[in-house]
Amino acid sequence: GEDVEQSLFLSVREGDSSVINCTYTDSSSTYLYWYKQEPGAGLQLLTYIFSNMDMKQDQRLTVLLNKKDKHLSLRIADTQTGDSAIYFCAERGYNKLIFGAGTRLAVHP
Amino acid sequence: DAEITQSPRHKITETGRQVTLACHQTWNHNNMFWYRQDLGHGLRLIHYSYGVHDTNKGEVSDGYSVSRSNTEDLPLTLESAASSQTSVYFCASSESTGNVLTFGAGSRLTVL
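Line by line, the protein sequences give chains A and B. Residue numbers are given in our numbering: position 48 of the first sequence equals residue 61, and the series is strictly consecutive. Residue numbers are given in our numbering: position 107 of the second sequence equals residue 109, and the series is strictly consecutive.
So that you can see chain A by itself, here it is in the shape it has in the complex (with noise of 0.2 Å):
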């Protein structure tokens, strides 16, 4: 079946680089994703990695995605205050996707 799984909780200095991983159950899964939630708000997307892809950067964030043991990470690089929230990995199943529990990111001076 699907299955995400990620650790529940990270904390880091301001202006350390953050890794949040993630493993999935699904090798057919297409895309790969990593939304945020801010206290109060919905999830927004913050990238997304196709299927074949290795690596993904996006200004201060990198996604890896190591297929052979179905890992997915998210580097945050000079992690700010204004990162804290927390973090979900998904993957896509048939037409929706699965999340999972969420990475809540403490950013401490």
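Honestly, the hints are just simulated from the structure, not real lab data. Please note that the accuracy of each hint is not assured.
[What the hints assert, rightly or not] Using 30 Å as the maximum straight-line C-alpha spacing, the simulated DSBU-like pairs for lysine-lysine come out as follows:
1) B:Lys-13 to A:Lys-80
2) A:Lys-49 to A:Lys-81
3) B:Lys-13 to A:Lys-109
4) A:Lys-83 to B:Lys-59
5) B:Lys-59 to A:Lys-49
6) B:Lys-13 to B:Lys-59
7) A:Lys-109 to A:Lys-80
8) A:Lys-81 to A:Lys-109
9) A:Lys-69 to A:Lys-109
10) A:Lys-49 to A:Lys-83
11) A:Lys-49 to A:Lys-69
12) A:Lys-49 to A:Lys-109
13) A:Lys-83 to A:Lys-69
14) A:Lys-69 to B:Lys-59
15) A:Lys-69 to A:Lys-81
With the hints as your guide, set chain B onto chain A.
This is chain B only, laid out in the frame that chain A set:
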């Protein structure tokens, strides 16, 4: 600008009452989804629709129903609210390809 709006944003109700959460999108998206968000579970899919008059059950559909009479709206109804349905509910929509979901701001429901 196109948007997806949910109402009400906050609601408190009593066990056994019927509750309807509204979702309206102006993206002209064919696909619409309802998720609930609970601590430790992330987002779980309740119901979804691929177009007018189409509805499908998600992984946690018991106690919920939806209907799709037009492209813009997918209301979520709790026929007889239970305390276990206290949660934050998110509506989302996407184009037919389903590659990217756009989310509403959420509706927080408390069942006493």
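Verification of the hints:
no.: 1; hint: B:Lys-13 to A:Lys-80; verdict: violated (43 Å)
no.: 2; hint: A:Lys-49 to A:Lys-81; verdict: holds (26 Å)
no.: 3; hint: B:Lys-13 to A:Lys-109; verdict: holds (27 Å)
no.: 4; hint: A:Lys-83 to B:Lys-59; verdict: holds (27 Å)
no.: 5; hint: B:Lys-59 to A:Lys-49; verdict: holds (26 Å)
no.: 6; hint: B:Lys-13 to B:Lys-59; verdict: holds (24 Å)
no.: 7; hint: A:Lys-109 to A:Lys-80; verdict: holds (20 Å)
no.: 8; hint: A:Lys-81 to A:Lys-109; verdict: holds (23 Å)
no.: 9; hint: A:Lys-69 to A:Lys-109; verdict: holds (22 Å)
no.: 10; hint: A:Lys-49 to A:Lys-83; verdict: holds (21 Å)
no.: 11; hint: A:Lys-49 to A:Lys-69; verdict: holds (17 Å)
no.: 12; hint: A:Lys-49 to A:Lys-109; verdict: holds (18 Å)
no.: 13; hint: A:Lys-83 to A:Lys-69; verdict: holds (16 Å)
no.: 14; hint: A:Lys-69 to B:Lys-59; verdict: violated (34 Å)
no.: 15; hint: A:Lys-69 to A:Lys-81; verdict: holds (17 Å)
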